Amino acid sequence: MSIDKWLGLGQTALELGLVNGLTVLALFLSYSMLNVCDLSTDGCFTLGAAVGTLTALAGYPLLSLPAAMLAGSVSGFVTAALQTRMGVQSLLAGIVVNTAIYSLNMALTGNRSTLSLIKAPTVFSMARDALKGTPLAGQYALLVLLAAAALAAVFLCLFLRTRLGLAIRATGSNADMVRSSSINPAFTTTVGLCLSNALTGLSGCLMAQQQKSFDVNMGQGMVTVALASLLIGGVFFGKNRSIPLRAAGTLLGAFLFRLVYMLALRLNMPAFMLKAVSAAIVVIAISGPYLKSQIPVLIRRGRAAGKGGTA
Amino acid sequence: MLEMTEVSKTFHAGTSDAKKALDRVSLRVEDGDFVSIIGANGAGKSTLFNAICGSFLPDAGSIRMDGEDITLLPEHRRARRIGRLFQDPMRGTAPDMSIEENLALAAGNGGWLSRVGAADRRAFRERLSLLGMGLEDRMKQQVGLLSGGQRQALTLLMATYHPPKILLLDEHTAALDPGTAEKVLAMTRDIVEKNRLTCLMITHNMQSALDLGNRTLMMHQGRILFDTRGEERARLTVDDLLEKFRQLNGARLDNDRMLLN
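Just so you know, the protein sequences line up as chains C and Y, in that order.
According to the working numbering, the first sequence is numbered sequentially starting from 669.
According to the working numbering, the second sequence is numbered sequentially starting from 8.
Bear in mind the hints are in silico, worked out from the structure with no lab data behind them.
Since the structure is predicted, the reported quantities are computational estimates derived from the model, not experimental observations.
Just so you know, even glycine gets a beta-carbon here, dropped at the ideal spot from N, CA and C.
Keep in mind that a hint or two might mislead.
Covered stretches of chain Y (in silico footprint by chain C; criterion: 3 or more residues with CB under 8 Å from a CB of chain C, positions within the stretch not fixed) [stated by the list, open to error]:
#1 74-83
#2 103-115
#3 120-131
With the hints as constraints, model all of the structure from the sequences given.
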């Protein structure tokens, strides 16, 4: 393979990684900080894509970004309301919202499961036109995604240092302590999920515009893919690191995940394996530390059995 | 001033597991009172604290603080006025956050979008140095890395950062080793005296129940069995307490843990 091809591979991985990176940042907020596994992520991603696509098709590509974020945060608000105000278990709240969003998406698109953005202006086509004739003309997609991911990461880091951000982190760490600090954990959970789902929605919107198409199933399995990236990032910048490093780590994880995946495709792994691979990564990353702690037990049992003693 | 009137709470009501945790408890705590509370396991001591904090809605009765009825106020809305420490030193702090970040939440200065500034840090340092544990030089460290005693001392600091109307101590030194327990208790006494806090303290140690504070309550089966203060209390010994329990209850106090102390 020529160097150009390798570079092309790296660039594609970087672009996909950055698009996904926004969802990974969303999970960094909801999963790592708030300690909520938000299973509405798949639906929310698609919702952002649907709203973003429709807004772009209507001729407002720039407006599509805030529109998708708003749609995402409304979805996050509903998920949060179900679990904090209506007694629905957190996982179930996500699943229920995820299911309902499918219908919502079909309703929004007028019962069409795919939409094409080939002829419509998108933020990417706008960037391409704006950069025409400059040395960066070839990199317009990368620049848009880089800007979006960097802005989101910087915003998140600054936000997590505010009192509200600290309260959100504390909610995931010890909700009792939040209550005794006169803060309502229901409120912090709601703010956290609104913000994280806004990022997920933005992620979906950019994905659809980059691919120039919307598919009602494009978000399927996204939560697992993003979780896999998040956990890979955690390998490099774990829990004991500063928030900015960890946020950068999540983006790095998203990129590495895509890179490994692209390489696997080169080695003739079929594309449909993406989801199985991400599922395996999530399982390995989460169960790894547990299984590792079990090894000495197994060894000692084995020895005891070998000596004829009772294990 | 805290005033509880005829507060009752039955858990698992209507089932065979029904348990009267609080049985028409009335209690009036004056400002500046330091009340020690003793009683066997399951006597309702912690439930009493839960009622004051708002962890549940009482079945009957009312709770007033400084004349305001707080019976229906949600937990986080009364938290400003109530400081609470649990036996488990892990419960009062967020382990994944630094000492500074924990204190920032307890201090709660500024609006939602405000950040910890240099002035806040100076104030935290000053407060931490009063604990004499060297925590002021470890402000960026995660609280999860601290020992139980250090975490409990930090919780004490957080619970009293803004002096609460009432401080509830739920056997807050019972899980610590004797030396550390002594130290945390001394800190507690210091902070309570300096801020003239009103304080309720649950303890299993009958001697310290009599030594500390100006008033002692004994609880049994969700009721306040007796309430002593002043001269009468000053003359009481641990043996008297046990005898009193036997008289009032018609049975021996069958809690080894209490007897041994």
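Against the structure, the hints come out as follows:
As drawn, the region 74-83 of chain Y meets chain C at 3 residues by the rule of a beta-carbon pair under 8 Å; at three or more, the given contact holds. For the region 103-115 of chain Y, the proposed coverage by chain C is satisfied: 8 residues have a C-beta within less than 8 Å of a C-beta in that chain, meeting the threshold of three. Three residues within the 8 Å Cβ limit are the bar, and the region 120-131 of chain Y against chain C gives 4, so the coverage statement holds.
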